[in-house]
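Chemist: The primary structure of each chain is shown beneath.
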Amino acid sequence: MFKLKLFALAALALIALVLSAVEGCAPAPIATPTGPRELVVMTHDSFAASDSVIKEFESANNAKIKILKAGDAGAALNKAILAKNNPLADAFYGVDNTFLSRALKESIFDAYKPASASKIPAEFVLDSEFRATPVDYGDVCLNYDRAYFQKKNLAPPQTLDNLIKPAYKSLTVVENPATSSPGLAFLLATVGSFGKDKYLDYWKALRANDVLVTEGWEDAYYAKSSWGGKGGDRPIVVSYATSPAAEVFFSNGKLTEPPTGNVIGEGVCFRQVEFVGVLKGAKNPDLARRFVDFMLSTKFQEDIPAQMFVFPVLPDAKLPDFYKFAETAKKPAIVSPTDIDANRDAWIKAWTEVVLR
Amino acid sequence: MKLILALPCGFLALFFFYPLAAILQTSFAAGNARGALEIFTDDYYARVLLFTVVQAALSTALTLIAALPAAYIFARYAFRGAGILRALTTIPFLMPTIVVATAFSALFGPRGSVNLTLMQLFQLDQPPIQILNTLAIILLAHTFYNFTIVLRVVGGFWANLDPQIENAARVLGANRARAFWHVTLPLLAPAIVAAALLVFIFDFTSFGVVLILGGSRLATLEVEIYRQTVNLFNLPIAAALSLTQLGCTFALTIVYTRLQTRLARPLRLRPQAIVRHKLQHARERFFVGLYLAAMLLFLMTPLVSVIAASFENGFSYYVELFINRRDSITFVPPIEAVRNSLFFASATIGLAVSLGLLAAYAIAGKNRAAKILDPIFMLPLGTSAVTLGFGFIIALDQPPLNLRTSIWLVPIAHTLVAFPFVVRSILPILRSIQPRLREAAQVLGASPARVWREIDLPIITRAVIIGAVFAFTVSMGEFGATALVARPELPTIPIAIYRFLGQPGLINFGQALALSTILMCVSAAGIVAMERLRLDEAEF
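Top line first, the protein sequences correspond to chains A and B. Under the working numbering, the first residue of the first sequence is numbered 1, with each subsequent residue one higher. Under the working numbering, the first residue of the second sequence is numbered 1001, with each subsequent residue one higher.
Hints are computed from structural coordinates only; laboratory data are not their basis. One should not assume that every hint holds.
Straight-line distance between alpha carbons at most 25 Å, and here's what the computed SDA-like set of lysine to any residue pairs gives [unchecked claim]:
no.: 1; chain 1: A; residue 1: Lys-105; chain 2: B; residue 2: Ser-1406
no.: 2; chain 1: A; residue 1: Lys-204; chain 2: B; residue 2: Arg-1047
no.: 3; chain 1: A; residue 1: Lys-280; chain 2: B; residue 2: Gln-1398
no.: 4; chain 1: A; residue 1: Lys-55; chain 2: B; residue 2: Phe-1331
no.: 5; chain 1: A; residue 1: Lys-165; chain 2: B; residue 2: Gln-1126
no.: 6; chain 1: A; residue 1: Lys-169; chain 2: B; residue 2: Leu-1037
no.: 7; chain 1: A; residue 1: Lys-55; chain 2: B; residue 2: Leu-1373
no.: 8; chain 1: A; residue 1: Lys-64; chain 2: B; residue 2: Arg-1436
no.: 9; chain 1: A; residue 1: Lys-66; chain 2: B; residue 2: Asp-1327
no.: 10; chain 1: A; residue 1: Lys-283; chain 2: B; residue 2: Gln-1120
no.: 11; chain 1: A; residue 1: Lys-169; chain 2: B; residue 2: Ile-1394
no.: 12; chain 1: A; residue 1: Lys-349; chain 2: B; residue 2: Pro-1399
no.: 13; chain 1: A; residue 1: Lys-113; chain 2: A; residue 2: Lys-280
no.: 14; chain 1: A; residue 1: Lys-324; chain 2: B; residue 2: Asp-1327
no.: 15; chain 1: A; residue 1: Lys-280; chain 2: B; residue 2: Glu-1489
no.: 16; chain 1: A; residue 1: Lys-280; chain 2: B; residue 2: Ile-1394
no.: 17; chain 1: A; residue 1: Lys-152; chain 2: B; residue 2: Leu-1116
no.: 18; chain 1: A; residue 1: Lys-152; chain 2: B; residue 2: Gln-1434
no.: 19; chain 1: A; residue 1: Lys-349; chain 2: B; residue 2: Gln-1126
no.: 20; chain 1: A; residue 1: Lys-283; chain 2: B; residue 2: Ile-1407
no.: 21; chain 1: A; residue 1: Lys-84; chain 2: B; residue 2: Glu-1489
no.: 22; chain 1: B; residue 1: Lys-1371; chain 2: B; residue 2: Phe-1040
no.: 23; chain 1: A; residue 1: Lys-151; chain 2: B; residue 2: Ala-1006
no.: 24; chain 1: A; residue 1: Lys-84; chain 2: A; residue 2: Arg-289
no.: 25; chain 1: A; residue 1: Lys-283; chain 2: B; residue 2: Pro-1399
no.: 26; chain 1: A; residue 1: Lys-283; chain 2: B; residue 2: Leu-1118
no.: 27; chain 1: A; residue 1: Lys-165; chain 2: B; residue 2: Leu-1118
no.: 28; chain 1: A; residue 1: Lys-105; chain 2: B; residue 2: Thr-1026
no.: 29; chain 1: A; residue 1: Lys-331; chain 2: A; residue 2: Ala-60
no.: 30; chain 1: A; residue 1: Lys-299; chain 2: A; residue 2: Ala-60
no.: 31; chain 1: A; residue 1: Lys-55; chain 2: B; residue 2: Ile-1407
no.: 32; chain 1: A; residue 1: Lys-152; chain 2: B; residue 2: Leu-1124
no.: 33; chain 1: A; residue 1: Lys-165; chain 2: A; residue 2: Lys-113
no.: 34; chain 1: A; residue 1: Lys-349; chain 2: B; residue 2: Phe-1028
no.: 35; chain 1: A; residue 1: Lys-151; chain 2: B; residue 2: Met-1119
no.: 36; chain 1: A; residue 1: Lys-198; chain 2: A; residue 2: Asn-252
no.: 37; chain 1: A; residue 1: Lys-66; chain 2: B; residue 2: Ala-1046
no.: 38; chain 1: A; residue 1: Lys-84; chain 2: B; residue 2: Thr-1117
no.: 39; chain 1: A; residue 1: Lys-152; chain 2: B; residue 2: Gln-1120
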């Protein structure tokens, strides 16, 4: 008897839960002439935008934007691929050039050439069919601790080759390319600079010079660097060329100069370009297309720098004041998306063998 | 009995086995399934498995050694502040790994405070302590995280163990050690084994600790599964590794279940008020005090360093939390994050405790179903979060179960982790209830409901609360949440912490620490409040 009672109670609780769950995810209400339609945008965890900018799109299109954050860039894309027969969203933002080929090969996107496509510099247009449209870019490079090098009376590194010199022994932190997006970008920078045959030799030398490998950017920046958090002692970290600007922006108003500098010499950086696309089978493809247009509007492009700390692709978009501390590489290392896709796994595997085992 | 089983089994079938089967099937169907055979030919995977087992075994042993005295002290001695102290030992369990990593770095990093102090003290040029990225720090961190499991599971059982049995042995001439070894330890065995199993599985499937603190050179199966799934998108290998991990968990749990049913025996359980006594002799006070001080030093120093750093600029990081400076849509007011966390935690407690209680009753008897079901109930703990998360995407995509982006997916995922804890907390005590007690009550004319209320309920209340505390902690710590399809728009405290740590700059770091401090306070308050719950005076 008591067991039955307990059962009944638990059953009620569970049924209530399931019911509310089912209700909570009932299909979006069918558009009525008056009610807003829902535009679902799937993206990675680092997506950010201004409230007012998003609102502007919503009111102009009688829409409600729902952002689905689906993990880091790699995880989010894989989830979109797994769900491609029954997509979770209308648009997907945040696939970068290191994963672009995977997205195109799995054909998760429908082509859509936005109105302002002609204004995008050619270097960013990596898919001429516009299944994926470039939105922003940023350079992964090396950040260094300015105070450290001043104190030690040592010149900050200028090139990749500097890092393997005895004077720079035990100073560098890199992220594991198998688990981290900047880590992969930096590996590609070495591939682009030294070539497919020589890059491993460079990594051998870097390992011999006591390079430290971390799992992700957070750990490298906040636990291992000599400036980000506490207790770390490494003055050179693989990070973004906008990080010094972010240091000023997020400095409690005390800093007028960043504590860090960029190493952006020839071939040190790798340029990440991020894309948006309309997902195949989207429920509201027209809204998704308009959102792609919107991401290339001046309003959204000028919102990008202070929200996501990357550069807008449109050259005429104005940058915020503190971006005078953000830099872009003159000559980033270049590896084409098809080349990346064909070799990414092999490069990571070879890198793991040489650097970690 | 069948009805009781239906709910927990149904829940697992729907939210565990179905998604798991779906992702495994898709993985092996996708591309080159034979490639998965690589895990048998490439000895790298054998090394990963070996490392996974070794580090988990060592971590479990270390955790037991460190925490068993604590279980004894909290079970046997009544002293002021015991409740708060015990709540504090739970906090490490729910701290985000990256926050703990920064705290460890602040303490033991090459320029951490411990090293700087030692260097100054002994005039050294090099930092003397270099344990970051070693096996040692993995073991330490696992002990730091899982201390509370042993303390609670064993301590909860110990607190009701009749001290008269041990006293009788002493009277009969056994010395302290002999009485403990031959009397108390065998009686405690079911709880110790249960705790050891939970800790082992947690260490076995360890992800963040190994990845972040252990550095990239050391990999567990779970880490390898994540790399294969997310970065290489090599689903066949990931699936094969997932199955290996699952198989190990299952085999281990079967051994455990056999052991458990043999070890468990009906006991004369006593209310805590009788079991506990005050610290009497100066010697007793000294040793208990010494141990507790060491325990606090070990568990609290990293947390205190986080709290201290969060106040480095006075309250400015806390004030900053409330300001949406960039008008960002991702801004989360701290109160909202706290509210979301508590909401998910309550839902998890409700789900995990009701399902866990039913499951524990269903398998408490020594019937055949119990032998099979018990290990099955433990499986969710041994499953790779990322595998299951991907399974949700392809399995739960049709109405009426289109839950992929539902907010209920969060408490459901948390429940999968918390449910085994609830079962393990309740089962040992349920199995030791003297059948004669119930029979006597029946003979005296009590209805089954009354028997349950008067006999079972007072005895299991503590165990249920322990289970509930686990469910609360699991949910507040957001286990496996990153694996979910897509975060619904209800960011919790850990999610907000990760957001701050995703961008450079002192304010972001400071705010992450401030939120971590808030997480600690809210959780400690919640745990203390739950442990104060009393159903009636007769409670054990």
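Chemist: Could you run down the list of hints and mark each one as holding or not?
Modeler: Do the hints match the structure? See the list:
1. A:Lys-105 / B:Ser-1406: violated (29 Å)
2. A:Lys-204 / B:Arg-1047: holds (23 Å)
3. A:Lys-280 / B:Gln-1398: holds (18 Å)
4. A:Lys-55 / B:Phe-1331: holds (15 Å)
5. A:Lys-165 / B:Gln-1126: Within the cut-off at roughly 21 Å; holds.
6. A:Lys-169 / B:Leu-1037: Violated, because 41 Å separates the two Cα atoms, which is more than 25 Å.
7. A:Lys-55 / B:Leu-1373: violated (52 Å)
8. A:Lys-64 / B:Arg-1436: violated (63 Å)
9. A:Lys-66 / B:Asp-1327: holds (17 Å)
10. A:Lys-283 / B:Gln-1120: Given pair Lys-283 of chain A, Gln-1120 of chain B is violated - Cα atoms ~65 Å apart, limit 25 Å.
11. A:Lys-169 / B:Ile-1394: violated (48 Å)
12. A:Lys-349 / B:Pro-1399: Roughly 41 Å separates the two Cα atoms, so the pair is violated.
13. A:Lys-113 / A:Lys-280: Given pair Lys-113 of chain A, Lys-280 of chain A holds - Cα atoms ~15 Å apart, limit 25 Å.
14. A:Lys-324 / B:Asp-1327: It holds: about 22 Å lies between the C-alpha atoms, which stays within 25 Å.
15. A:Lys-280 / B:Glu-1489: Holds, because 24 Å separates the two Cα atoms, which is no more than 25 Å.
16. A:Lys-280 / B:Ile-1394: holds (16 Å)
17. A:Lys-152 / B:Leu-1116: OK: Lys-152 of chain A and Leu-1116 of chain B at ~18 Å, within 25 Å.
18. A:Lys-152 / B:Gln-1434: violated (73 Å)
19. A:Lys-349 / B:Gln-1126: It is violated: about 34 Å lies between the C-alpha atoms, which goes past 25 Å.
20. A:Lys-283 / B:Ile-1407: holds (21 Å)
21. A:Lys-84 / B:Glu-1489: holds (22 Å)
22. B:Lys-1371 / B:Phe-1040: violated (31 Å)
23. A:Lys-151 / B:Ala-1006: Violated - the C-alpha atoms of Ala-1006 of chain B and Lys-151 of chain A are around 69 Å apart, more than 25 Å.
24. A:Lys-84 / A:Arg-289: holds (18 Å)
25. A:Lys-283 / B:Pro-1399: holds (16 Å)
26. A:Lys-283 / B:Leu-1118: With Cα atoms ~63 Å apart, Lys-283 of chain A and Leu-1118 of chain B exceed 25 Å; violated.
27. A:Lys-165 / B:Leu-1118: Distance of about 30 Å is beyond 25 Å: violated.
28. A:Lys-105 / B:Thr-1026: The given pair, whose Cα atoms are some 18 Å apart, holds under the 25 Å limit.
29. A:Lys-331 / A:Ala-60: Distance ~40 Å between Lys-331 of chain A and Ala-60 of chain A Cα, so the pair is violated.
30. A:Lys-299 / A:Ala-60: Holds. Lys-299 of chain A to Ala-60 of chain A sits at ~13 Å (cutoff 25 Å).
31. A:Lys-55 / B:Ile-1407: Cα-Cα ~23 Å, so holds.
32. A:Lys-152 / B:Leu-1124: This hinted pair holds, its Cα atoms lying about 18 Å apart.
33. A:Lys-165 / A:Lys-113: violated (48 Å)
34. A:Lys-349 / B:Phe-1028: holds (22 Å)
35. A:Lys-151 / B:Met-1119: holds (19 Å)
36. A:Lys-198 / A:Asn-252: violated (44 Å)
37. A:Lys-66 / B:Ala-1046: Distance of about 44 Å is beyond 25 Å: violated.
38. A:Lys-84 / B:Thr-1117: violated (56 Å)
39. A:Lys-152 / B:Gln-1120: holds (19 Å)
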